[in-house]
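Chemist: Top to bottom, those sequences are chains A and B. To convert a position in the first sequence, counted from 1, into the numbering used here, add 384. To convert a position in the second sequence, counted from 1, into the numbering used here, add 17.
Everything labelled a hint here was simulated from the structure, so no lab data went into it. Note that CB positions come from ideal geometry on N, CA and C, so glycine has one too. Do not take every clue at face value.
Stated by the list, open to error - Calculated pairs, DMTMM-like style, for lysine to aspartate or glutamate (alpha carbon to alpha carbon, straight line, at most 25 Å):
no.: 1; chain 1: A; residue 1: Lys785; chain 2: B; residue 2: Glu113
no.: 2; chain 1: A; residue 1: Lys762; chain 2: B; residue 2: Glu113
no.: 3; chain 1: A; residue 1: Lys416; chain 2: B; residue 2: Glu113
no.: 4; chain 1: A; residue 1: Lys464; chain 2: A; residue 2: Asp593
no.: 5; chain 1: A; residue 1: Lys464; chain 2: A; residue 2: Asp502
no.: 6; chain 1: B; residue 1: Lys200; chain 2: A; residue 2: Asp759
no.: 7; chain 1: B; residue 1: Lys200; chain 2: A; residue 2: Asp840
no.: 8; chain 1: A; residue 1: Lys416; chain 2: B; residue 2: Glu183
no.: 9; chain 1: A; residue 1: Lys773; chain 2: B; residue 2: Glu108
no.: 10; chain 1: A; residue 1: Lys762; chain 2: B; residue 2: Asp115
no.: 11; chain 1: A; residue 1: Lys414; chain 2: B; residue 2: Glu183
no.: 12; chain 1: B; residue 1: Lys36; chain 2: A; residue 2: Asp840
no.: 13; chain 1: A; residue 1: Lys757; chain 2: B; residue 2: Glu89
no.: 14; chain 1: A; residue 1: Lys773; chain 2: B; residue 2: Glu113
no.: 15; chain 1: A; residue 1: Lys757; chain 2: B; residue 2: Glu108
no.: 16; chain 1: A; residue 1: Lys414; chain 2: B; residue 2: Glu167
no.: 17; chain 1: A; residue 1: Lys392; chain 2: A; residue 2: Glu484
no.: 18; chain 1: A; residue 1: Lys681; chain 2: B; residue 2: Glu214
no.: 19; chain 1: B; residue 1: Lys125; chain 2: A; residue 2: Glu752
no.: 20; chain 1: B; residue 1: Lys36; chain 2: A; residue 2: Glu851
no.: 21; chain 1: A; residue 1: Lys785; chain 2: B; residue 2: Glu183
Said to hold, decoys possible - Facing chain B, from chain A, some residues (calculated, C-beta under 8 Å):
no.: 22; residue: Leu397
no.: 23; residue: Ala400
no.: 24; residue: Pro705
no.: 25; residue: Val706
no.: 26; residue: Phe742
no.: 27; residue: Ser744
no.: 28; residue: Leu765
no.: 29; residue: Ala792
no.: 30; residue: Pro798
no.: 31; residue: Asp840
no.: 32; residue: Leu841
no.: 33; residue: Pro842
no.: 34; residue: Pro844
no.: 35; residue: Arg847
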Amino acid sequence: MSAEFDQKIHSTLSDANLQLAIYTATGRLKEKRIECVSPESLPDYQELRSQANAVKKHSIENLDYYLEEFERNLEARGGKVVYCKDGTEVADFILSLARERGAHLIVKSKSMTTEEVDLNERLEHHGLESVETDLGEYIMQLAHERPYHIVAPALHKTRYDVAEIFTRNLHVPNEIVIEKQTAIARAVLREKFLAADIGISGANFLVADSGAVVIVENEGNARLTTSAPKIHIAVAGIEKVIPRAQDLATFLKLLARSATGQLLSVYTSFLAGPRRPGEIDGPDEFYVVLLDNGRSKLLPDRTKRQSLYCIRCGACLNTCPVYRKIGGHSFPWVYSGPIGAIITPQFMGVAHEPSLPFASSLCGACAEVCPVKIDIPKILLELRSDVKKSEAREKQNRLEKLAFRIFAWVMTHPRVYELAGRMAAGMAPSDGGSWIRTVPAPINIGPLRAWLSQRDLPPPPARSFREMWRQR
Amino acid sequence: MGKRVSLFVTCIVDQLFPKVGMAMAGVLERLGYQVDFPENQTCCGQPAFNSGYRGEARMVARHFLDTFESSERIVVPSGSCTAMVVHHYAELFAKEPDTLARVHALEKRVWEFSSFLTEVAGVTDVGARFEEVVTFHDSCHGLRELGIREGPRRLLACVRGLELREMAPAEECCGFGGTFAVKFAELSGAMARTKIEAIERTGARAVVSLDLSCLMQIQGVLSRAGSGVRTMHLAEVLASR
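Throw the hints in and build the complete structure from the sequences for me.
Modeler: As structure tokens, then:
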């Protein structure tokens, strides 16, 4: 494990206020989801999941076909598709467009895809002002932090934290009433919307048969971002494409319920091309940036490409006992929780944080709540195997490899196994059958030491089961 | 015929909790089963599989196949080890058709203890008596990989003198996770402490589960915290009278 990962986990676990904030906020989202996918609320929930899985599977297996169809249909409506292989290409495209149009101010609605390529930093580096307009995301931008959660970026911030962030950055009086904090942000952001030259959004779905970008949100900021400025650029991962508008009947039912426990998000926008003659609002120019950024690498693998089915609802984070302890910022990349643990190594390479796929008890709670049925534990197991293969190639972690070779040898030689078990039992301190709190220093090493750092160890029994069985 | 079972007690029961194996054998014998213990058995290979060492896991899995191939039915006091055999062996041998055929022939005959009782033996009342307030911890692999939820609760409901108090949430992981418990010890410990808070809120005097790995983690943390709550495998409860 990298020292940084270890340190972040440790510091999050040691912060009692943060622990409470994460556990409470995720607990609330978790409970709300359970309520609104219950058989009373959504009787065909399991069928919808299977349907969503089937549509995503089909889309990913025919990605080239549907991307081309999407492009054709969008361009017929006057929109433009731009393919980018990474963040540099996205930034280059936006920067050159901004230069050509003399644009300075950009408003952004929430998009994990742009977080993935550090778009704000890249744009600001070239003198553009890029303002997040989703409230949580805006708070995080002011605080100079990455989103803590796929859906709730400022999940770990209390209203007192927000009051302090606003006072420090916006020079407003300390305000702890949430409604008033919202009004402060609203007043600032209204001006930005009206003055902005470009609006950048993400996309929840790209609908191939209608060439439309679908965005769901609760604050109305995405609708303003995509309609007020003269130019709208939607940045979307290539995996966001679905074949037909009617598939949305399945996905929209699942997305808001899984994400926030709502039956439907407050705003669902269908955006298909720029403003047409006679329409009163909408941008003059409409671009969809289709980002690869490592996604196409997943396509050859039947199991692992399921990772591309994700609709970014965040349900796996809220239900994950690991996320609920270590929070979003312990994770080594923008995507956190179970989905982050499977896509980070695949997009960024397993070496980015080799221990990430191991940071899971494999409890399977994530797969149980995933609305598109991604088998996250299975992918984690495959990634673990990938990490070990890569370590073997690089001749790393040889002691562990040796330990497992010995394990396999012992477990295939029953007599050796029995002898080894009796020897280990003989070494353990015996204290009249009570659980062991400490062991002598020479053996208090490695896994034994790690175990004892948190809990007691069972005392070895006088006889193993096989001995008892023989003697009965 | 049909009244013979082989025990796969798992390495953790064999080495650390032999009484659980004896209790399981006792319950099965009381139900009229002829119980045998294939002496060559060791481990299912899950530690290697979950740690990413598939080659090593395959060696151990092959040993399991050799050991149990002639057994009619195999009963296991663990949801996790059962799931390893019935779900993951097929993954391990996906590219070896001959071994895969052996796996498929075997996996139908491997049963987690509680589901063997409710689904094969068709019993819920084994005649046990246990005067205690208990809570039940759903072990993750039994629950999510094998779909075991109601069976053990039905078995507990038939135990005379026993009161079951559900904890909230019963289905959240205890944080064991095999090598996860030592690779991410502090995190694993934090998860376990959240679990024991839920256990203690019920006022139960014992936690019952289907897996010794979860119970070892839970008991380890209970013991460290100086709690008087004890852990028991379902077999130990059902063997009481």
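Chemist: If a hint holds in the structure, say so; if it does not, say that too.
Modeler: Hint-by-hint comparison with the structure:
Proximity of A:Lys785 to B:Glu113 is assessed by CA-CA distance (about 24 Å); at most 25 Å being required, the pair is judged to hold. Proximity of A:Lys762 to B:Glu113 is assessed by CA-CA distance (about 19 Å); at most 25 Å being required, the pair is judged to hold. In summary, the hint linking A:Lys416 to B:Glu113 is not supported, as the alpha carbons are separated by about 45 Å, beyond the 25 Å threshold. Proposed proximity of A:Lys464 and A:Asp593 is supported: the alpha carbons are some 16 Å apart, at most 25 Å.
A distance of roughly 23 Å separates the Cα atoms of A:Lys464 and A:Asp502; the hinted pair therefore holds under the 25 Å criterion. This hinted pair checks out: B:Lys200 and A:Asp759 have alpha carbons roughly 23 Å apart, not beyond 25 Å. Between B:Lys200 and A:Asp840 the CA atoms are separated by roughly 16 Å; this keeps the pair inside 25 Å, and the hint holds. Restraint check for A:Lys416 and B:Glu183: satisfied, since their Cα atoms lie roughly 21 Å apart, inside the 25 Å limit.
Restraint check: the Cα-Cα separation between A:Lys773 and B:Glu108 comes to about 17 Å, which is no more than 25 Å; the hinted pair holds. Restraint check: the Cα-Cα separation between A:Lys762 and B:Asp115 comes to about 23 Å, which is no more than 25 Å; the hinted pair holds. As the CA atoms of A:Lys414 and B:Glu183 are separated by approximately 19 Å, the hinted pair is consistent with the 25 Å bound. With a C-alpha separation of about 19 Å, the suggested pairing of B:Lys36 with A:Asp840 holds against the 25 Å cut-off.
Proposed proximity of A:Lys757 and B:Glu89 is contradicted: the alpha carbons are some 35 Å apart, above 25 Å. Taking the CA atoms of A:Lys773 and B:Glu113, the gap is near 20 Å; set against the 25 Å cutoff, the hint holds. The straight-line distance between the Cα atoms of A:Lys757 and B:Glu108 is roughly 19 Å, inside the 25 Å bound, and the hint therefore holds. The straight-line distance between the Cα atoms of A:Lys414 and B:Glu167 is roughly 23 Å, inside the 25 Å bound, and the hint therefore holds.
The straight-line distance between the Cα atoms of A:Lys392 and A:Glu484 is roughly 43 Å, outside the 25 Å bound, and the hint therefore fails. Simply put, A:Lys681 and B:Glu214 have alpha-carbon atoms about 44 Å apart, too far for the 25 Å limit, and the pair is violated. Taken as a hint, the B:Lys125 and A:Glu752 pair is honoured in the structure, with Cα atoms around 24 Å apart against an allowance of 25 Å. The straight-line distance between the Cα atoms of B:Lys36 and A:Glu851 is roughly 11 Å, inside the 25 Å bound, and the hint therefore holds.
Proposed proximity of A:Lys785 and B:Glu183 is contradicted: the alpha carbons are some 42 Å apart, above 25 Å. The interface hint given for A:Leu397 is met, as the beta carbon of that residue sits about 5 Å from the closest beta carbon of chain B, less than 8 Å. This hint is violated: A:Ala400 has a C-beta 11 Å from the nearest C-beta of chain B, more than the 8 Å allowed. For A:Pro705, the shortest C-beta to C-beta distance to chain B is roughly 5 Å, which falls under 8 Å, so the interface hint holds.
Taking 8 Å as the C-beta contact cut-off toward chain B, the hint placing A:Val706 at the interface holds, the least distance being around 7 Å. At its closest, the beta carbon of A:Phe742 sits 6 Å from a beta carbon of chain B; the interface hint therefore holds under the 8 Å criterion. For the restraint placing A:Ser744 at the interface with chain B, the shortest Cβ-Cβ distance is roughly 7 Å, inside the 8 Å limit, so the hint holds. The interface hint given for A:Leu765 holds, since its Cβ lies 7 Å from the closest Cβ of chain B, which is under the 8 Å cut-off.
Against a cut-off of 8 Å between C-beta atoms, the interface hint on A:Ala792 holds, since the closest Cβ of chain B lies about 4 Å away. Given hint, A:Pro798 at the interface with chain B, holds; its Cβ is 5 Å from that chain's nearest Cβ, closer than 8 Å. The beta carbon of A:Asp840 comes within 4 Å of a beta carbon in chain B, closer than 8 Å, and the hint placing it at the interface holds. Because the closest C-beta pair between A:Leu841 and chain B is about 7 Å apart, less than 8 Å, the hint holds.
Proximity of A:Pro842 to chain B holds as hinted, the smallest CB-CB distance being about 5 Å (cut-off 8 Å). Look at A:Pro844: its Cβ gets to within about 7 Å of chain B, closer than 8 Å, so that hint holds up. At its closest, the beta carbon of A:Arg847 sits 6 Å from a beta carbon of chain B; the interface hint therefore holds under the 8 Å criterion.
Hint compliance for this structure: hints 3, 13, 17, 18, 21 and 23 are not met, and every other hint is.
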